[in-house]
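K.L.:
Next come the chains, spelled out residue by residue.
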Amino acid sequence: MKKINTIQKKIIEEFKILDQDFEMTLNYLMELGDKVPPIKEKYKIEENIIKGCQSQVWLTYKLNNNGFTFSGDSNTEITKGLLSLLIRIYSDCSPKEIIDSNLFFIEEIGLNRFIGTQRSNGLKSMKNKFKIFALSNI
Amino acid sequence: MSKPLNIDRLRKEFPILKTKINNNNLVYFDNAATTQKPIKVINALDYYYKNINSNIHRGIHSLAEIATKEFEKTRSIVKKFINAKNEEEIIFTRGTTEGINLVANCYPKKYLKENDEIIISEMEHHSNIVPWQMICKEKKLKLKVIEINKKGELDLNSFKSLITDKTKFVSLVHISNSLGTINPIKKIISICRDNDIKILIDGAQASPHININVQELDCDFYVLSAHKMYGPTGVGVMYGKSKLLNEMPPYMGGGEMIKNVTFNKTTYNDIPYKFEAGTPNIGDVIAFKEAINFINEIGKENIQNYEKDLKNYTLEKLQNIDGLKLVGDAKNRIGVFSFTIENTHYYDLGLLLDAKGIAVRTGHHCTQPIMDKFNIEGTTRMSLAIYNSIEEIDYFIESLKKIINK
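In order, the protein sequences belong to chains A and B. Residue 126 in the numbering used here sits at position 124 of the first sequence; the count goes up by one each step and never skips. Residue 463 in the numbering used here sits at position 375 of the second sequence; the count goes up by one each step and never skips.
Calculated from the structure, these hints are not laboratory results. Keep in mind that this is a model prediction, so the values were computed, not measured. Any given hint could turn out to be false.
Claimed, not checked - What follows is a list of derived Cβ distance ranges for each label pair:
id, chain 1, residue 1, chain 2, residue 2, range
1, B, 225, A, 49, 30 to 36 Å
2, B, 489, A, 14, 29 to 35 Å
3, A, 14, B, 464, 34 to 40 Å
4, B, 299, A, 49, 52 to 58 Å
5, B, 464, A, 21, 32 to 38 Å
Stated by the list, open to error - Counterexamples of contact, computed for chain A against chain B with all Cβ distances above 12 Å:
id, residue
6, 4
7, 9
8, 11
9, 19
10, 39
11, 41
12, 42
13, 50
14, 53
15, 65
16, 94
17, 109
18, 129
19, 134
20, 135
Note that the Cβ used here is the ideal one computed from N, Cα and C, for glycine as well.
Please build the complete structure, drawing on both the sequences and the hints.
P.N.:
Here is the structure:
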């Protein structure tokens with residue numbers, strides 16, 4: 003839990019320079035998205051799809067004693083950027099840590115101001131997918 | 089003869105155009121979804137609730153009388169707007185969707201039997217597909233689909249080849265909300281007349297842009313939405329020939345639509361009231377009148393001329409952008425442009441344009457069969473209206489190029 007909050011605080015710090023400017027934030031998210039390696043086609047299956055987005059999103063994981071390793075992909079750069087933040091936050095966490103976590107960085111960096119219902123549904127579905135994976139491994 | 093168009097003055101009639109979005113001036117290009125409202129529509133709504141709010145038709149007090157008169161004035165102005173023969177042929181609905189559902193429910197009940205056929209097209213909005221699928225399932229009717237060509241135009245040969253002696257009804261969009269294609273409905277209606285087929289025209293996109301004359305078209309039903317023609321949301325019109333409306337069973341039961349109710353037998357009211365059960369959307373219907381006045385004051389000819397200039401200007405600019413592919417390239421079209429950009433997802437593009445204050449629509453635009461036809465998931469759609477300017481188009485094109493070249 004401590005780790006999850008520490009990374010969130012770090013992300014908030016990194017986004018400060020963007021001054022809650024919508025365009026700069028989007029461009030930064032796209033840059034982050036660009037850095038995410040694409041997942042293999044074989045993982046783009048129904049159980050890995052995240053529903054509720056205008057875009058296609060896939061998430062897959064591995065779990066060992068050190069916690070989760072996630073890989074995700076999307077056909078849109080902005081969504082991939084958002085996904086990469088969630089992956090960064092939840093990587094190496096245990097299922098319990100993910101289930102108990104509370105995501106506050108989205109509001110803090112002002113993303114919720116830009117993200118309307120359609121878009122936030124996608125984000126919500128992404129957040130839920132992490133918790134669903136965590137729950138199925140408890 | 090209408091007065092020449094002063095676009096700057098016209099824009100001032102729309103308070104929302106002064107709005108800032110993400111620190112930029114709002115550039116509203118989502119007009120095919122809904123148009124903005126001129127101040128006279130907004131004032132009419134305000135006036136209604138402040139001064140004459142009352143339930144219509146059955147009240148004997150003065151306010152009810154005033155509200156009823158104002159409500160019925162809209163019916164009269166709509167009748168003139170689409171050149172219907174009688175006011176009783178104008179039914180107020182919640183919008184185009186309800187209009188289609190009404191016809192899809194009531195017409196087949198009276199006139200169609202098992203194995204009869206209904207024809208729609210590949211370019212229909214979901215609201216002109218699903219109601220027909222529902223009734224076809226219920227009444228064991230057959231739904232056939234007219235194909236479109238690569239340009240996004242109706243294939244008239246496909247239409248003709250679908251017609252059999254079982255074909256009883258055609259429901260077709262006047263102008264496509266995704267492709268901007270203007271369909272040759274006069275020709276199609278004439279084919280229907282020759283084959284004794286009834287036809288409904290979905291005029292949601294056509295009504296703000298081109299002249300509608302239902303008598304000249306000779307269609308049986310014509311449906312539209314007020315909110316796509318500078319009027320309030322929650323109001324639509326279903327025009328139907330009075331003979332059909334008189335013979336069709338009612339859509340919903342309730343107040344207003346009855347003559348006499350006993351537990352043994354209920355008799356229905358005359359048209360249009362037979363199809364207007366319950367308290368209607370009085371305030372919005374009254375304000376809708378002002379939207380039509382707005383259009384009439386400019387004049388459809390002026391609207392068409394100005395919008396044609398905007399359309400041609402936009403088309404030329406869009407065609408010159410590398411990597412941009414227009415979805416739909418009909419010869420006869422309005423200023424609705426769906427496009428895809430190589431290596432840029434429409435979702436990213438929509439958000440990046442929004443950051444610049446530009447409102448466009450992204451996705452499948454409630455026309456998934458069209459997306460399937462063109463083998464795409466969705467598009468970015470920019471759609472024009474009378475208050476849009478060349479400057480706005482320039483800003484849009486410039487922004488688009490910046491985003492693509494990043």
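K.L.:
For a quick check of understanding: which of the numbered hints are violated here, in increasing order?
P.N.:
none
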